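Chemist: Just so you know, the sequences run in chain order U and Z. Per numbering that gives the first Met the number 0, residue 0 is the first one in the first sequence, and the count goes up by one each step. Per numbering that gives the first Met the number 0, residue 0 is the first one in the second sequence, and the count goes up by one each step.
Since the hints were made in silico from the structure, they are not lab data. If you're wondering where the values come from, they're calculated on a predicted model, not measured in any experiment. Cβ atoms here follow ideal geometry from the backbone N, Cα and C, with glycine treated the same way. One should not assume that every hint holds.
[Unchecked claim] Chain Z regions said to be covered by chain U (calculated; three or more residues, Cβ under 8 angstroms):
1) 87-99
2) 102-116
[Said to hold, decoys possible] Not everything, but these chain U residues come out facing chain Z in the computed CB check (under 10 angstroms):
3) S1
4) F2
5) S4
6) I8
7) S11
8) A15
9) V47
10) F48
11) A50
12) H67
13) S113
14) R116
15) T120
16) S121
17) R127
[Claimed, not checked] Keeping only pairs whose Cα atoms sit at most 30 angstroms apart, straight-line, the calculated DSSO-like set for lysine-lysine is:
18) Z:K38 - U:K45
19) Z:K110 - U:K129
20) U:K129 - U:K82
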Amino acid sequence: MSFDSIFRIAGSSMNAQTVRLNTVASNLANSESAAGSEDAVYRSRKPVFAAVYGNDDLVRNGGMSGAHVQVMDVVSSDREPQKRYEPNHPLADRSGYVFYADVNEIEEMTDMMSATRSFETSVEVLNRVKGMQQSLLKLGEM
Amino acid sequence: MSISFDKAMGVHIRALNLHIQRSEILAANLANEDTPGFKARDLDFAAEMSRHGSPFFGAGQLSKLQYRVPSQPSQDGNTVELSVEQAAFSKSTTDFQTSLTFLNMKFRGLKEAIEGR
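Turn these sequences into a full structure, and let the hints steer you where they fit.
Modeler: Have a look at this one:
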């Protein structure tokens, strides 16, 4: 039976989407974080997903196994930070400029919606598989 | 004369096994909805069912998975279409329950035969 591998696949997906939601929350929270220089400014982060095919599963099931999701890395964006002229800001540099992270709020919000929907899909998969397992356990009960 | 369980259970055990395997493949498709370059896969249920073999073993030992053809290709090479996969997964789990119901009916019939009613 490969119920446990379905649970593991759905779990890996939920984990990956949680990491994604985490980066979205971090990006949105820091969208107005100021910095005194271009190097110190917050860079928006994005996770990179990859499909992982279980090696032993491939041998055992002849390529019939599903793929897990793994977060390969969390990359920082290389977008230019915003430069605003605010000479009265305590973090302003010598010429009066303050640097802000270039976070695109709309992009982050859509990313958040997509991550939430994927997470909910995984929860639904788990519920369905749980139902399958429970009715299989009741097999032969009369 | 004896009851052959292999015959009595019919195709349902093999069908159950295949449904679980198909659910796993579809769950993996759903899980990799946002993975760049991931190709959605599925197994041809009718072709797998028509292959010979004992219903207790060998479900999909040498079977091949097929790649889904997306109705609209995406830029990042991912071919998972959420609604298609969700519908397929839903169908797979419902078919599983159906097979299970049939199997339960077979069991009930056997029990009645054993008890001589």
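Chemist: Hint by hint, say whether it matches the structure.
Modeler: Hint check:
{"no.": "1", "hint": "87-99", "verdict": "holds (count 6)"}
{"no.": "2", "hint": "102-116", "verdict": "holds (count 5)"}
{"no.": "3", "hint": "S1", "verdict": "holds (5 angstroms)"}
{"no.": "4", "hint": "F2", "verdict": "holds (7 angstroms)"}
{"no.": "5", "hint": "S4", "verdict": "holds (6 angstroms)"}
{"no.": "6", "hint": "I8", "verdict": "holds (5 angstroms)"}
{"no.": "7", "hint": "S11", "verdict": "holds (6 angstroms)"}
{"no.": "8", "hint": "A15", "verdict": "holds (8 angstroms)"}
{"no.": "9", "hint": "V47", "verdict": "holds (8 angstroms)"}
{"no.": "10", "hint": "F48", "verdict": "holds (4 angstroms)"}
{"no.": "11", "hint": "A50", "verdict": "holds (5 angstroms)"}
{"no.": "12", "hint": "H67", "verdict": "holds (7 angstroms)"}
{"no.": "13", "hint": "S113", "verdict": "holds (7 angstroms)"}
{"no.": "14", "hint": "R116", "verdict": "holds (8 angstroms)"}
{"no.": "15", "hint": "T120", "verdict": "holds (5 angstroms)"}
{"no.": "16", "hint": "S121", "verdict": "holds (7 angstroms)"}
{"no.": "17", "hint": "R127", "verdict": "holds (5 angstroms)"}
{"no.": "18", "hint": "Z:K38 - U:K45", "verdict": "holds (22 angstroms)"}
{"no.": "19", "hint": "Z:K110 - U:K129", "verdict": "holds (28 angstroms)"}
{"no.": "20", "hint": "U:K129 - U:K82", "verdict": "violated (52 angstroms)"}
In terms of the numbered hints stated before, the structure departs from hint 20 and from no other.
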